[in-house]
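Chains as they are written, first to last, in our numbering: chain A, 15 to 626; chain C, 158 to 320.
By construction, these hints were calculated from the structure, which means they are not laboratory data.
All residues carry an ideal CB built from backbone N, CA and C; glycine is no exception.
Hints are supplied without guarantee of correctness; some may be wrong.
Stated by the list, open to error - Residues from chain C that face chain A, not an exhaustive set, calculated with beta carbons under 10 Å:
| no. | residue |
| --- | --- |
| 1 | Tyr181 |
| 2 | Ala182 |
| 3 | Ser184 |
| 4 | Gln185 |
| 5 | Ile189 |
| 6 | His191 |
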Amino acid sequence: MGDSVTTNQPIEKRPRKQVEYNIILCSGPSCLHNKSSELYTEIVKQLEAFNCQSKVEIILSGCLGMCARGPIMVINPGYILYGDVGVNDVHDIIKGHIVDKTPFSQKVIHEDHLFNRFYRVFGDVKFFGKQMRIALRNCGIIDPEKIDDYLSVRGYEALAKVLTDYSPAEVIHQIQDSGLRGRGGAGFPTGLKWKLTADAEGEVKYVICNADEGDPGAFMDRSAIEGDPHSIIEGMLIGGYAVGAKKGFLYIRAEYPLAIKRLEKALTAAREQNFLGDNILGSNYSFDIEIRLGAGAFVCGEETALIQSIEGERGMPRPRPPYPSVRGLFDKPTLTNNVETWANIPVIILDGAKWFSTIGTKSSKGTKVFAVAGNVENTGLVEVPMGTTLREIIFDICGGIPGNRKFKALQTGGPSGGCLTEDSLDTQVDYESLAKAGSFMGSGGMIVMDDTTCMVNVARYFLEFTQNESCGKCTPCREGTKRMLEILTRITDGRGEVKDIEKLERLGAMISKASLCGLGRSAPNPVLSTLSKFRNEYEDHILHKKCTTGSCQAMLTYSINDQCIGCGACIRVCPVNAIKGIKRNPHTIDSELCIKCGECMKVCKFRAIDRV
Amino acid sequence: MKTKQDEKMNLLEEYMQEMKKQPYAESQLIGILHKAQELYGYLPEDVMEAIAYGMNIPAARIWGVASFYHYFNLEPVGKYTLSLCLGTACYVKGAGKILDRMREYLNVDVGQTTEDRLFTLQEARCLGACGLAPVLMVNDRIYGKLTPDSTIELLDKLKKDAK
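Chain C extracted, bound-state conformation:
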């Protein structure tokens, strides 16, 4: 049986074959990276290497291009980016404890993404919502006056919504 990973790679290979037929095939690199990110959610190293073989472009150049453009993620990113404010007000109101609970609950450290690609945990500088401290920003939305317990409740709810 084919795994999901193989399927993605096949789709990418197919796309590259198509692009190779175009004049100046190498110029399609950014488009191919877009396709890879669309399939994988980010650009894993082995995928970039596969592109290097597939398109006959040095892997170093691919890395150079991928790291130049902000749009490409070189690390996996979750569906929800959790930016916990660690500004003074939030910290005093217990953001540190919340961070510990979140780390424990998600089993990731700051800057990492959970295995199910649902959550990316990040620290934030003051979000300017001190009145609501402590606050957590989930993608573009702000949740305030959190406690360790209510934060975990929120994560549970997000998990449910994602399904």
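Next comes chain A alone, as it looks inside the complex:
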């Protein structure tokens, strides 16, 4: 790969303000929630107090990914990473690191997980640990609100290259040769999609960026936009040039106000410098982008539903054909790609399709961003080359399962995906392998579950989500998911019937086959996959009215064993007075009155309460 990756220049090599130190303060959603904005004020104050403000530049960056340890702060040179930084630590960090030139060790993150290594080697080596950042290449490195920062990492150079050196057909060739596939989940070859739109008849064509990220627990697109909005704009500009569109729409959730603000700012800055508008960079190519807000409908992530929503209608999918590449937005040929797909485009143009296609597996090229959450040590954002195994992501990069618990299952693809077990952990991350293992890539949500998780309950949770988000257009999805949810709720409430498993399987198969769009077709997946891999748990719930993990409260029975010394602690906390007993004599729980809240178990010092 040689020197081809020049986009990844370390921060010192870039023409910035001449300062001795850079303080990068993460302003991602989690860190902001942890008051990183108050830290900013405090840093400025402390720098002034030590009279070293001229030596230091503060950069507010997008999400660095290490959300579990936020607020995160990095001081360069040295790539020293500080985590869990409180307002009171700022004084010590500035005094130690900048005045006394010794990092304030108490808050330095030492673990050799992804992020530390990422900073130490970033820029010199392309593989920082097992991560590789292409889509998120600038996230956490540049100030997303400054176009000059983006320009200093070869921003808009790919656009200039395309406008001067390539014909639209050559651009499409590049994308086709790169092997890039849609990162929204389905994995349709991006180059082919572009070609279909370019070949479609019509004067007016549109380009859409799908930023309606709705999977619970997924925030890849949000972080990409908040951390590096210009990459996405540049990607769309190149796409517009390739297919012959003059106008682009960026459809984003209204629930992401910071991302919207940064996009607006980026669009204005790009217009000022003539990267957007008429005759871009002196060429005869004109293009502009309009932001359109979603309004909280998960189904609008589906391409045809999204188009309906931009048209100002209820976001309901429509049948295809006609495919949107032939007849899409306002009945014109339309090219829709997901945020992460767009962010990959400038790199492919700059560093070449050939280089890009060397990364990944035979059928899936490049990298994929995942939002890893659940029972895992390091929750956050991870970008890995295709072909990395799930085990590497969960155990090497994300630090494994906390509290010495055992890994139980992994859900990829959000509420539309399936769960994978221990046996599948050596599956490589690519579209085909994940599908073969019984799940699918999805947009990148990854939920890790340990042995305290009840799979029936998880399936119910996901189905509750999809059922709530079903647009109601077609009966199998609207009614079918509702019936399935009723059955699952019955099972978790301890009222399951023997025939329920069969009913779930029959309904699930029917919904998958008969629904119009991806939402309905994939809605039964969490149920069907847990049924095939954890059938025994369903049987326990139904036949023995037992939830082995203790998650399904309705099925628990609390009782007092002979360890009880009769101290009366449980009697005092029981909110429903279900525990009776005389002092210094073993107590008893009246299971008729007990509401299974578990308070007695929490206060008992003698392990005298059993829960089965």
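Fit chain C to the given chain A structure using the hints.
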């Protein structure tokens, strides 16, 4: 003198005029509803009707769109959403009495919002905080071990904070 309501309507009208100049003006409907909700806090029926006249879109279609998307509120919502847990533990510990006092104090029923748009009163299923019973969730925060008196004190404090 112009009332606050007129002012809001003028702003909305202005916004609609701007949108009408765009190509495919009807497609701006969701953006206009966002603007209306930003101004009014929710989408009152008469405002939706005004949008129907202003944009020349059937009111039925506007209602259809507004009710489709979760983000739009068709009922007014207060600054604080009060979700009182009425799970068994909380109920046994007197949540029912608290609910009565809150109803009386706020002069609204469950599901309604006070006239000053400060509080929306809601019932909740078990919040899983039985040890703190009875509990009240105010937006995302949980307050526990409440009595009717301490609940009213809390509401008074929230009222003060809002000013």
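Verification of the hints:
1. Tyr181: 6 Å, holds
2. Ala182: Holds, about 9 Å.
3. Ser184: This hint holds: C/Ser184 lies near chain A, its Cβ roughly 4 Å from the closest one there, short of 10 Å.
4. Gln185: 6 Å, holds
5. Ile189: 9 Å, holds
6. His191: 6 Å, holds
Taken one by one, the earlier hints all hold for this structure without exception.
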